[in-house]
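**Student:** Below are the chains, spelled out letter by letter.
There are 4 protein chains.
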Amino acid sequence: MHENTLSENLAETFKEVSAMKNYGEVASYIPELQLVDADKFGVCLTSIDDSSCGQGDCNERFSIQSIAKVLSLTLAFKHLGRSCWERVDVEPAGTSFNSLVHLEYESGIPRNPFINSGALVVSDMLVSLLKDPKKEFLEFVRLLAKDDSIDYDDKTAASEYAEGYRNFAVINFLRSFGNIENDVEEVLHFYFHLCSIKMNCTQLSRTFLFLAHGGKDPISGERILTRSQSKRVNAIMMTCGFYDEAGEFAYEVGLPGKSGVGGGIVAVNPGSYSIAVWSPKLNPQGNSYRGMKFLEKFTTKTGHSIF
Amino acid sequence: MHENTLSENLAETFKEVSAMKNYGEVASYIPELQLVDADKFGVCLTSIDDSSCGQGDCNERFSIQSIAKVLSLTLAFKHLGRSCWERVDVEPAGTSFNSLVHLEYESGIPRNPFINSGALVVSDMLVSLLKDPKKEFLEFVRLLAKDDSIDYDDKTAASEYAEGYRNFAVINFLRSFGNIENDVEEVLHFYFHLCSIKMNCTQLSRTFLFLAHGGKDPISGERILTRSQSKRVNAIMMTCGFYDEAGEFAYEVGLPGKSGVGGGIVAVNPGSYSIAVWSPKLNPQGNSYRGMKFLEKFTTKTGHSIF
Amino acid sequence: MHENTLSENLAETFKEVSAMKNYGEVASYIPELQLVDADKFGVCLTSIDDSSCGQGDCNERFSIQSIAKVLSLTLAFKHLGRSCWERVDVEPAGTSFNSLVHLEYESGIPRNPFINSGALVVSDMLVSLLKDPKKEFLEFVRLLAKDDSIDYDDKTAASEYAEGYRNFAVINFLRSFGNIENDVEEVLHFYFHLCSIKMNCTQLSRTFLFLAHGGKDPISGERILTRSQSKRVNAIMMTCGFYDEAGEFAYEVGLPGKSGVGGGIVAVNPGSYSIAVWSPKLNPQGNSYRGMKFLEKFTTKTGHSIF
Amino acid sequence: MHENTLSENLAETFKEVSAMKNYGEVASYIPELQLVDADKFGVCLTSIDDSSCGQGDCNERFSIQSIAKVLSLTLAFKHLGRSCWERVDVEPAGTSFNSLVHLEYESGIPRNPFINSGALVVSDMLVSLLKDPKKEFLEFVRLLAKDDSIDYDDKTAASEYAEGYRNFAVINFLRSFGNIENDVEEVLHFYFHLCSIKMNCTQLSRTFLFLAHGGKDPISGERILTRSQSKRVNAIMMTCGFYDEAGEFAYEVGLPGKSGVGGGIVAVNPGSYSIAVWSPKLNPQGNSYRGMKFLEKFTTKTGHSIF
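Protein chains in written order, with numbering that gives the first Met the number 0: chain A, 0 to 306; chain B, 0 to 306; chain C, 0 to 306; chain D, 0 to 306.
One or more of the hints may lead you astray.
If chains are identical, the list can't say which one is meant, so a pair holds when it fits in one copy or spans any two.
[What the hints assert, rightly or not] Pairs of lysine-lysine residues, derived as PhoX-like cross-links and limited to a Cα-Cα distance of at most 25 Å, are as follows: (1) Lys-215 x Lys-39; (2) Lys-77 x Lys-296; (3) Lys-145 x Lys-20; (4) Lys-300 x Lys-197; (5) Lys-215 x Lys-296.
No wet-lab data here; the hints were simulated from the structure.
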């Protein structure tokens, strides 16, 4: 049976990767990320037919960090449609995720919504659009996850705020080009909060399920994005979802996805499932070492790939 | 019936785009490219079930230019396997296709095999590997196309050679980092020839069919690449196939593909078909204006997308 | 007589340049700079023998802006000696004065103390060193100028603060590399104030006289810098004093100097005199159009040049 | 007596630096440079009154390399006047001497005549201007040096040619922007020859004497450059003469000068003397370690500096 096979493949791959040596470093730039147990490892796959299977620490919550950028983009895109591309581009950055170099040569239009500068512009769009951005964004995420227990982690957000000189630099640089409309402190406050959201793999795979089903929640039937918009968010994840390793991920895994420095990765197999994996040790490019390994092996074993 | 629908959709989209104003400029850096009739427009789709349908100037040959980079990569990858990634990376460049900037910061390892520097390194691999590179490469292309009439255009190659100062610059720069093994003139001679190959849309879509079928020619049954290698070539086309417009293409079309300054574009719908379109006027990013428009409209109309 | 000749040459050159068409644009990024009469033009030369001669609007005060960076560097260098070069380099930047690009590649060490990033680091040094930075810096400038009427312009400083997103970006970027020790708001507040100082050409040429006399005020006999330090400040002005036009100034004028967007330029002829010129219209590189013209003609006429 | 003092200072400084440990690496990219004895050390000062004093290996010839760029610029400037600045700029590069980055952003106009790209453009000017460039250039250098034994070193030139992939890259890049008029091989042949000239310190200081005397040979009375042109060449040496260490040299030495990877440095004290020093070990910026140390100590001891 297909589900069994998927579930068996998941379990088998999980076992294989668990048996391998775990390399890399836990993100250390804020204390909240460093406190986590470095050898945690969990994975959960949720199918569009509402079945799901998990392994390991799949019910332990972690900081989703940059993965939240897909959700803020989704909400902005839902509200603004194509007009959001006037303020942020959709091209791969080709350099490390904090780079200000491109911004300077491209007059304050970030290369894509998943580098920090682009995510700050998207956050600014939401601050302009929403009455109570923090409250409404959280409601949106809870709606996607079908889980009201999901919340911000104020301590993580506060730590980011205290150490986020680069982000202060980036947002003021954007402001100098006129590409930030609101008070920079307000936008940063919102941005640091959305990155601080904690979820477990089960919740995270459920949250991204609409992107595996053409923008519509396959279980509730709610439409989150149009079919065309959903395809576009997946395309941006494919080309820009992994910092300076987007090509490597496309090459090794072959599915659109997004990583975060908390050690989480979520990937989408359009028409079939979404899958979340979490392991805190990061490779030199800032992506979960075991997360990448797991997804490579899993898609190779199952033959799943969009290519 | 599905095939009819595909054919009808193709015809309809072709008619729509033909009726629109044609923008852009024909490539002018070598005389051979400029001589072409700017309003030529052809398209051909070949399915893995061996059916095909064409429209307009689909049987008129044009210079495939950079599209040939996919074929040279395929041949090098077939011979060398993963070891070819020691000399060329798989990440999007994020800058214009001739840029030497990245090369300088990355010590002579090109960002990917589809920017000029990367294609020159791949050409150098083939010059090292093959006894008679020009002859053997042409045989390989004829095998893929199942058409022995396909040939180099010596005049185009000679023009490139006469005006190709940038490519002379790039290859010597690579040589200074030790990433060219052969005589630079020999590699350039080979490179300019492979870009000079002429095909029509029918031949081009046939040539790329193996990438829509997991690396195996669906008609002859010959295996060109392993399933995994085929997936990888598609992934590289998706992230790096359109110069500084790869993200835009992924976003608007949603299929892996490759363009050339001769006005050709080829795209692959894995598991289903490959499609070639040709129209010489280029948009400011160097991709066929009508080719891009056609593929956007066609994939939107049919709902085809890998996402 | 030599002094007469100098004075006559000054008057003659002034007349010539006044008769020429005045090109360029007054700096417009803050209202205070834009309010000034665009055709103001004044010049004053002060010799180390205490004689001075002025022309035109030489007694009207203007915002010295970046010229103040030489004075803050002087005060920091006086206190810290060579150790200040651990946090800022002395090489020409080769790019526009706001560029963050170099900072990124050089890990937060600004190229020189006269680009904004370097001047912010110098300001941070003074905030660390001085008990009451604003008060003590102003006392130092008044001491150099022998004029207690010199003061900050709070309105100009406040405007800079309101519009200075680039500087907020730069200082946070520096902070992210650990090269700012104090609160960023405090450093910026100090920096914007020192740039807001108003002087006229007479005061400005008097203020810089110590650099024409080996670091010692030739009239009061006070030592401001050691001979060696004075030579070094002049060397930095020569190689880095004119944004992206330092080479042009060295080439056309042949004296060390520093410009500001308020339209002022000060230059030093070591062993002889200092000279200040003011005219608000700026050339595309951000240096006073008439100021550059005047100094070119004056040094050509007199044969003065350090080369 | 002044001359005695100068001579004594020279001898004393030479002794001091000879006693210090000698750091750095001899240039190794071509065999001819590597064959030299790493601890050679010579210096010679020639005054405009025709006296000269030398120390150590001041009569042993070495490859002047980039120092020749000042002589080719002088010859081109003499023939073309200001019009040579249409093809090469006079601004410090702010990056390493081989960089292609600036060229790309500035459309093929090199930043200054002393980086390789700029020197290649100057060589191209001379190839256009002169009937027999190699012969006429050598005659010009012999005229300046008053020594007909000075010659090219064909072996060094041939080695450069064999290994000069970077220079092949640069000149083809310039050609792609239309800033090379002649056959690239011919220009490179000329360029590698002029860099291969061998001189000793005595000859080198004599050759540069005209730049210490306003462009006129103080002994023969021949005018090489106008006063204004001479001042300009000195200004360019001051801002661009030491690769990425021009600011450091201006700061530590305070005289215009030029270095070469053969370990030679020549500096000019306008109105007084020219001085040449040679020691093959290079610091990480590519300038002679002992040469820099010697000039720092000598100018500090004598108080000579243009600032």
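**Student:** The structure should be examined with respect to each hint, and the outcome stated for every one.
**Tutor:** Outcome of the hint check:
Taking the closest pair of Cα atoms, Lys-215 and Lys-39 never come within 25 Å of each other, the shortest separation being 32 Å inside a single copy and 41 Å across copies. Taking CA atoms no more than 25 Å apart as the test, Lys-77 paired with Lys-296 passes between copies only; the shortest distance there is 22 Å, against 34 Å inside one copy. For a Cα distance limit of 25 Å, the shortest separation of Lys-145 from Lys-20 qualifies neither inside one copy, at 35 Å, nor across copies, at 48 Å. In this assembly of identical chains, the alpha carbons of Lys-300 and Lys-197 never lie at most 25 Å apart, being 30 Å within a copy and 39 Å across copies at closest.
For a Cα distance limit of 25 Å, the shortest separation of Lys-215 from Lys-296 across copies, 22 Å, qualifies, whereas the shortest one inside one copy, 29 Å, does not.
Hints 1, 3 and 4, counting from the list given before, are not met by this structure.
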